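These protein sequence lines map, in sequence, to chains A and B. Going by my numbering, the first sequence opens with residue 1, and the numbers climb by one from there. Going by my numbering, the second sequence opens with residue 1, and the numbers climb by one from there.
No wet-lab data here; the hints were simulated from the structure. All figures in this text were calculated on a predicted structure; none of them were measured in a lab. Check each hint, because a few of them may be wrong.
Examples of chain A residues lying across from chain B (beta carbon under 7 angstroms, computed) [what the hints assert, rightly or not]:
id	residue
1	MET121
2	LEU132
3	ALA133
4	LEU139
5	ALA140
6	GLN143
7	HIS147
8	VAL303
9	TYR311
10	LEU315
11	ILE319
Covered by chain A, according to a simulated footprint, are these stretches of chain B (three or more residues, beta-carbon under 8 angstroms) [stated by the list, open to error]:
id	region
12	106-114
13	228-234
14	258-269
Glycine included, every Cβ here is placed at the ideal spot set by N, Cα and C.
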Amino acid sequence: MENRSAAPSVVSSQPLDGARWRSLAAYVVPIVIVAALPLLPFVNNYIIAATVRALIFISLGQAWNVVAGIGGQLSLGHGVFLGLGCYTTGILFNRYGIPPWIGGWVGMLISLVVALIMGSMTLRMRGVFFALATVAVSLALVQIALHFVDLTGGGDGLALKFFGNSLWAMQSRAPAPFLYGSLAFVVGYYWLTRWVLASDFGLAMQAVRDDEVAAAAAGVAVFRTKVVGFMLSAAMTALAAVLYMQFYMAIDPEAAFGLSQAIQLQLPALLGGLGTAPGPVIGGAVMIFLSEVTNWGSTKLGVNGVDILVYGLMLLAVILRAPKGIVGLIFKNALAGSSR
Amino acid sequence: MDATVLLALQAVLSGILVGGVYGILSIGLSLAFGVMRIVNFAHGELVMYGMYVGVVASRNFGVDPLAILPLSFLLTALVGTLMYQIVFRHFVGHATLQQLLAAIGCALVLQMIAQIIFGADARTASSVFAGQYVVFGPFFVAKVQMIAFAVAAVVTLAVELMLRLSAWGKSVRAVADDLEAAEVVGINSQYINTGAFALACGLAGMAGSVLVTYFPTAPSVGFSLMPIIIIATTIGGLGSIGGTFLGGICCGIIQQVTAMMWNSALQDVPLYVLLLVFIALRPTGLFGVRSE
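Please model the entire structure based on the sequences and the hints provided.
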């Protein structure tokens, strides 16, 4: 992996007035536009719901970006933590009436424990074995979720009991409240990623990503850095899963742990730019926009699966032609000095 | 004999037969890793294409899928050559994050092309041996499974011998050991790698045509076969052909014993646990090559 730590400095803290204003506008303007969406005359619930979907996948993509983009560890099974978050909040709510405000934290704790176990078993090895293990765990969870029908609803999935508009149950008939909730997640995760990138821990993660041997020689605790990075990413995914569950109101084993879901969690960061804070934001927006267009197109044509085909082609195009993603294309000049 | 013992022996017997097919499904993945350090997540998709070749042969032309193994080998080897030339030749030597993601991209594209051509529903092919059983004393086995196992064993042996004895196989192993040294002595590594990758993909397609004689196909079947392929390869050892075949047999036995003695819905769960244990304690598997 090449060094991408230069990308976040595009929004730099240097006292250059023009650049500073532009960088401030670059993240304030999108937030204002999204927040004002429900007030605009031509915006209906369909557009708001699509925006919420984009924001949810941006949050989930940002979480994956921490382990894969900053840490360089390819987790193909981040659906595990999405699923654990969704199922935990859903089961606690449906069976025991515990609201997602609490259930979400429980789901996060469970995910932390699972990530600790998975990470300790597999992150000592380099590269490919971690990826294989994450695939295995997510597919094992598909079978387990299908089997324990009483708890998970089996293949039919788990649907939340509907309470109408209720703050306590974190439910709403209209999508607008989720717009603000997911926007808060996107902003929070963006700054969290910025903070991680600049922190000592984030620098250690990037050092491990770029060269494990050199990082170890420089005194980085390679194994511990990888495990903690994986746990941080898992916790972020499980917490954002609350948003996913409350918005979609249902989860099933394939949507939670399946490989195609895992790929949707990866695409925002990959398209936008791995290891950068703005990457998943741009990539997630592009991904949902394209999936809406192709869904509309494939219904017109009566062909299924065109959206996944487009995802696959985008994935290949980005990896072969623009490994730094859209952010890398936009800020080509800004990055030119630092790329090696 | 005790009924439980008989059941266990029956489970082991059918596990060996099923496992042989898991073995032939997996040796291509192992070969591509052993020679080029490429982990081809699209391997399952090539198996799926091999299965569809069998379906088309059986449904549209009335030909037994087992009779067209060379054809499915050639067709999927062709797809493999294209994949190598477009995508994988950029990633020879290291199983990097980009390489794994590129393989997933290939898998998605191949899967959706199949879905657009053949539709999302499951298809079956029928072999002349379908529905016939052979009885050995207290045990019985399906004839298709016996033949599938025999084909798998013969093909694995042939590949292993070709890699060990033929001049081409020696160049493949030379490139796998040390690419630069092999080029110094006059081996064209791009040519050898393309051939090895095409062979790996062709084996996947051929395995698919064997499998389709008793297992229905659908565009999603590639993804659902990948776990067992990965587990067989990891247990046997990434990069070792014979080891991978034995790994497949181990998987088959564990799966069938779990299904018959405990719970058929959770038949794969012990395999996933075993995979984690192997990755934690012995990532090179039983016979694998050292990975970087």
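Checked hints:
1. For MET121/A, the suggested interface contact is upheld, since its CB lies about 4 angstroms from the closest CB of chain B, less than 7 angstroms.
2. Interface restraint check: LEU132/A against chain B, minimum CB-CB distance 5 angstroms, threshold 7 angstroms, status holds.
3. For the restraint placing ALA133/A at the interface with chain B, the shortest Cβ-Cβ distance is roughly 5 angstroms, inside the 7 angstroms limit, so the hint holds.
4. For the restraint placing LEU139/A at the interface with chain B, the shortest Cβ-Cβ distance is roughly 5 angstroms, inside the 7 angstroms limit, so the hint holds.
5. A distance limit of 7 angstroms between C-beta atoms decides the matter here; for ALA140/A the minimum to chain B is near 4 angstroms, and the interface restraint holds.
6. The beta carbon of GLN143/A is positioned within 7 angstroms of a beta carbon in chain B (closest approach about 6 angstroms), and the interface hint is therefore held.
7. The beta carbon of HIS147/A comes within 5 angstroms of a beta carbon in chain B, closer than 7 angstroms, and the hint placing it at the interface holds.
8. Taking 7 angstroms as the C-beta cut-off, the interface hint given for VAL303/A holds, the closest approach to chain B being about 6 angstroms.
9. A distance limit of 7 angstroms between C-beta atoms decides the matter here; for TYR311/A the minimum to chain B is near 6 angstroms, and the interface restraint holds.
10. Annotation: interface hint on LEU315/A holds; nearest CB of chain B at approximately 4 angstroms, less than 7 angstroms.
11. Interface restraint check for ILE319/A: the shortest CB-CB distance to chain B comes to about 5 angstroms, inside 7 angstroms, so the restraint holds.
12. Check result for the region 106-114 of chain B against chain A: holds, 7 residues qualifying (beta carbon to beta carbon below 8 angstroms, three or more required).
13. Given a C-beta distance limit of less than 8 angstroms, the hint that chain A covers the region 228-234 of chain B holds, as 3 residues qualify and 3 suffice.
14. Check on the region 258-269 of chain B: 5 of its residues sit with their Cβ under 8 angstroms from a Cβ of chain A, so the three-residue criterion for coverage holds.
When held up to the earlier numbered hints, the structure conflicts with none and fits them all.
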